[in-house]
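Participant: So the protein sequences, as listed, match chains A and B.
Each residue of the first sequence is one higher than the one before, counting from 1 in this note's numbering.
Each residue of the second sequence is one higher than the one before, counting from 1 in this note's numbering.
In case anyone wonders, no lab produced these hints; they're calculated from the structure.
Don't take each hint at face value.
[What the hints assert, rightly or not] Calculated lysine-lysine pairs in the DSBU-like style (CA-CA distance at most 30 angstroms, straight line):
| # | chain 1 | residue 1 | chain 2 | residue 2 |
| --- | --- | --- | --- | --- |
| 1 | B | Lys365 | A | Lys88 |
| 2 | A | Lys183 | B | Lys118 |
| 3 | A | Lys81 | B | Lys267 |
Single-letter residue listing:
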Amino acid sequence: MSEQGMFGAKGTGDTSGYGGLARTAASTGSSERPYGSYFDEVADDLERAYPMFSDAIERVVVDRGELTLHVKREKLVEVSKILRDSLKFEMCMGVSGVNYPADAGRELHAVYPLLSLTNNRRIRLEVSVPDADPHIPSVVEVWAGNNWHEREVFDMFGIIFDGHPGLTRILMPDDWQGHPQRKDYALGGIPVEYKGATTPPPNERRSYK
Amino acid sequence: MTTFDPYAPSRDTTEGTVYSVTGGDWDSLVQEIGSTKEERVVVNMGPQHPSTHGVLRLVLELEGETVTEARAGIGYLHTGIEKNMEYRSWTQGTTFVTRMDYLAPLFNETAYCLAVEKLLGITQDVPERASVIRVMMMELNRISSHMVALGTGALELGAISPMFFAFRERETVLDIFEMISGLRMNMAYVRPGGVQQDLPAGAIPKIRDAVKLMRKNFKDNTTLLVGNSIWMKRTQGIGYLDLAGCTTLGITGPVLRSTGLPWDLRKMQPYCGYEDYNFDVITADTCDVYGRFLIRMNELEQSLRIVEQALDKLEKLEGAPVMVADKKIAWPAQLAMGGDGLGNSLNHIREIMGTSMESLIHHFKLVTEGFHVPAGQVYVAIESPRGELGAQVVSDGGTKPYRMHFREPSFNNLQATSAMSEGGMVADIIGAVASIDPVMGGVDR
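The shape of chain A in the complex, shown without the other chains:
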């Protein structure tokens, strides 16, 4: 193993902590079997109940004791119905969006945590779509409770859920421009002066990556 830099410093050697070092969220890759815990059983059951498993599921990720199935958006509703009816994931605990601008072609992710009351199990579905074509089929027909959650993700990230019964903004005013939780949407704020000292808004302060 070769040593790098001084005193074990890696990268730029900037020790101030303020290097503007850009990081991107690491993709955790795919997990290999055995997944451990009840995850193998869930994957087996899903493969049995849904023969097109390998076609619909892009990746299976097991990280920190949680199972994530990356589903192709065209197959989301099919997979959801199988998961609800055959694997007894009766509840979907909503959907949350994540914006990865650096992940070209997959900038917008929608994450669905599922809960099975019958088997006391949790898994997660993840769907990723490009920024240029932010359409995901709605799962409101499968889990009606996702209605507001999908409206929130539309409001905050601009993901359009096709087939949603009434996809309108829910938290922001109806005439709001832009989708606030995308990474390209500035936080905003004004400098605040107190006793002669000025504090800049949070997104303009010195930042540690």
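Guided by the hints, dock chain B onto chain A, whose structure is given.
Facilitator: Just chain B, lined up with the frame of chain A:
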């Protein structure tokens, strides 16, 4: 009324006549509405209304006094907490999440901190004393939150006295919070890795006294409401939602348990060591407002039982740490409440200012920059007074959350308003909404 209303210009409506009720002579309004032939009236209830549990707007379509359609409008308290957290360190995050569901701040903090700890991989390293303190604080918080639910719920249905008793009990709990953390609400007491500071001297006997007092005082509201014929007429058979309705709408908490399903994450998927406590999961099988009311009333006693067991454990764990040992995560200063009422740590100040430059640098870096959290995403759910509170946290390996989303039970459960109230009477909407117990700070975040 045809007077000009700057907030509701005529172009806002595409059909029908608009009647603005902003004070004035009610008789003329009644006369005017009475002269129209139409039976159907669309009423805007809220967002400022004493009975809608905060800034909740309900759009009601009425046929006489029967509700044909009810739609909830939210977003009036949206403050962008999730977005703001992406610009603050992981530790500062607790200060933000605590303000979401402001009646259950300790649950927000604990859910968030459990998620951060899971990302850090230190779930097993959190000291037992810290977990026990978290459990004790959460159960006390459950009591204060249920007290607001019961008190305001009863007040909204016209019963005023229960509110006085409920807020008296809540005050007892808030005094304990103030003694332990210095703050009554929004205390940011739970931190990633443990809790902010240990219990002050003499806290345990004081809490024991408070538990005794509350157990005695709870009887006041029980005798006032349980079996009270007026109360039962207003709540029984109202706001009906069965198990199928709950599962499809993702409803959890007392509303789910009122269908008879004993689903409580403290039992089903224990966290913070809940598997070591003896308590019962309270259910009802009436699927109505009265059942949910009884569940909340009986959960108070279960919370007291857990608090007592936690106090026993705390006595055995006297002097044990309340923060992880890893100095890269735990703040170095062991703060204690000083005589001036502020947290301080004179020994630590002496060390960093007088003897150790490295300690000063370390302290400075940890407080301003924060700690790095390995990349990944987790979903951690706990049982808040309103149901499943889930923290969906994504890290990119940096010192700030990359994305933080709360799956708020209030937000989700409020969707059930339509299912619970359509087809019923307009007066029963209030009971139905109160039984969901939405907190708008949590709904809108």
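Participant: Indicate, hint by hint, whether the structure satisfies it.
Facilitator: Quick rundown of the hints versus the structure:
1. Restraint check for Lys365/B and Lys88/A: not satisfied, since their Cα atoms lie roughly 48 angstroms apart, outside the 30 angstroms limit.
2. A C-alpha spacing of about 24 angstroms is found between Lys183/A and Lys118/B, which places the hinted pair at or below 30 angstroms, so the restraint holds.
3. A hinted pair counts as satisfied when its Cα atoms are at most 30 angstroms apart, and Lys81/A with Lys267/B qualifies at roughly 28 angstroms.
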